[in-house]
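S.K.: Each residue of the sequence shown is one higher than the one before, starting from 1149 at the first, in the numbering used here.
Hints listed in this document are in silico derivations from the structure and should not be mistaken for laboratory results.
Quick reminder that beta carbons are idealized off the backbone N, C-alpha and C, glycines included.
You can trust all of the hints, since none of them are fake.
Below, computed lysine to any residue pairings styled on SDA-like, alpha-carbon distance capped at 20 Å:
#, residue 1, residue 2
1, K1232, V1217
2, K1172, E1161
3, K1316, E1326
4, K1299, Y1257
5, K1258, V1217
6, K1299, Q1289
Cβ pair distances, simulated, as ranges:
#, residue 1, residue 2, range
7, S1254, I1213, 15 to 25 Å
8, A1329, F1292, 43 to 53 Å
9, T1186, R1216, 22 to 32 Å
10, Q1330, K1190, 56 to 66 Å
11, Q1330, S1254, 33 to 43 Å
12, R1216, L1189, 23 to 33 Å
13, L1253, D1337, 39 to 49 Å
14, E1318, E1230, 27 to 37 Å
15, E1313, G1264, 28 to 38 Å
16, D1337, N1280, 38 to 48 Å
17, I1321, Y1218, 31 to 41 Å
18, R1175, N1280, 50 to 60 Å
19, G1296, I1321, 42 to 52 Å
20, D1297, T1186, 38 to 48 Å
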Amino acid sequence: MALKDISERIQIENSLRAMNAELKQLRSELEKRVAERTEELKKSEEFLKQAIRVGGFGLFDYDQIHERVYWSEEQRSILGSEPKDFYMFSDFADRIYPEDRERVLSEVYKAFDPKGSGDMAFEHRIVLPNGNIRWVSHRAQALFEGEGDSKRAVRTIGVTLDVTERKKTETVIKNTLERLAQEKSKLEDSNRGLERFAAIA
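Given only the sequences and the hints, what does the whole structure look like? Please build it.
M.R.: This is how it looks when you write it as structure tokens:
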């Protein structure tokens, strides 16, 4: 009987050793996979950061629950803000050019409406701390939680792009076209005058 007990104990111990070896191998494989995946994520994150930097996009992440906004380094640069751990929505609203403020805030609050899609895209001017004016373009998506009457916007993620140079070019083109239209009108008046003179002569 004692021999049988020892034999069973040895079998159990051998089984436990085999299981421990298998668990150790599984753990090693899991750690390797986690390390590989972490490296892939780091590369993807670095690639994304490079793409954002090259594209000149600022990123923002507005947590409506805690009334905090995260701005990427590029976003702070575009809006002319000092680095902070987080920003308030008012930090953005205060930068909006006074004549654009009502329209922009109306667009933002419309996107927060639970009955809508949460999508927003608009352009407006901002006032930098030094008083300079800059044109920016925003694209963002509000994310909702809840159903029915309890549905509400809880987070908004988006990008900002400085479009000042494009706006300047558009203004130059618009002014040039207006000037050409005026010149054309003057030439047509002059031609009509010459035609009348020729008819009289």
